[in-house]
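Keeping their order, the protein sequence lines are chains A and B. Residue numbers for the first sequence, in the numbering used here: 4 to 89. Residue numbers for the second sequence, in the numbering used here: 4 to 89.
Simulated from the structure, these hints should not be mistaken for laboratory data. Treat the hints with care, since some could be wrong.
Just so you know, same-sequence chains aren't split out, so a pair can sit in one copy or run between any two.
Here are the simulated lysine to aspartate or glutamate pairs, DMTMM-like style, with alpha carbons at most 25 Å apart [what the hints assert, rightly or not]:
1. 62 x 78
2. 62 x 37
3. 16 x 83
4. 5 x 83
5. 85 x 66
6. 16 x 86
7. 5 x 78
2 protein chains.
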Amino acid sequence: MKTYDVEVRVWLKPSVFDPQGHAVEQALHTLGFEGTSEVRVGKYMHLSIGAADESAARKAVEEMCERVLSNPVMETYAYELKETVR
Amino acid sequence: MKTYDVEVRVWLKPSVFDPQGHAVEQALHTLGFEGTSEVRVGKYMHLSIGAADESAARKAVEEMCERVLSNPVMETYAYELKETVR
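Chain A on its own, in the form it takes in the complex:
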C-alpha cells in the first residue's frame, strides 16, 4: 500500500455564468486592479489517498471527482497526483 498526495481543481465550465468570479472581479476593479478580467472562482482540494499503485490511485481519484468533488454537468476538473515522500 502506497500513499499519494492529490491536488484537485474544480471550476465551472466556460459556458456557465460564474457569479462569484464576477463579484471578485468587481472587487478587484474597485480596489484599483483595473487590468484584471475573466476572473473565475473554483475549488481547490488537497487529499491523501492510499492505494496499491498509481493506476489504482488515479482510478479512485477520477471516480471521486466525478461522483463527489465536482458536478460534471456544470464543472470541469483536473488533478495532479504524486507519491507521498516520507
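Given the structure of chain A, go ahead and fit chain B onto it with the hints provided.
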C-alpha cells in the same frame, strides 16, 4: 502591454480547522472511498491581467492575493503566471 494568465490557489493554513474539508472527507468515506485522509478544501481562481512586464504582473498578483483573494491571517496562497498565447 502584455496579458498574463494567472492561476491562484488559496487554502487554510495547516493549523486552522477546515470544516468543509472534514465534511468532504466524511462524504468520501460514506461513499466507500475509505483510503482518503487529510482532505482540505480551498479556492482556485483563474484570471487574466494586463501589465507592462512579468515582474509588474507578479507584483500586482501578489498584492491582490494579500488584499482580496486570501485572508493572510488564516490562509496561504500560491500562484502560477504565464504570458497569454493568442
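List of violated hint numbers, smallest to largest:
Failing hint: just 7.
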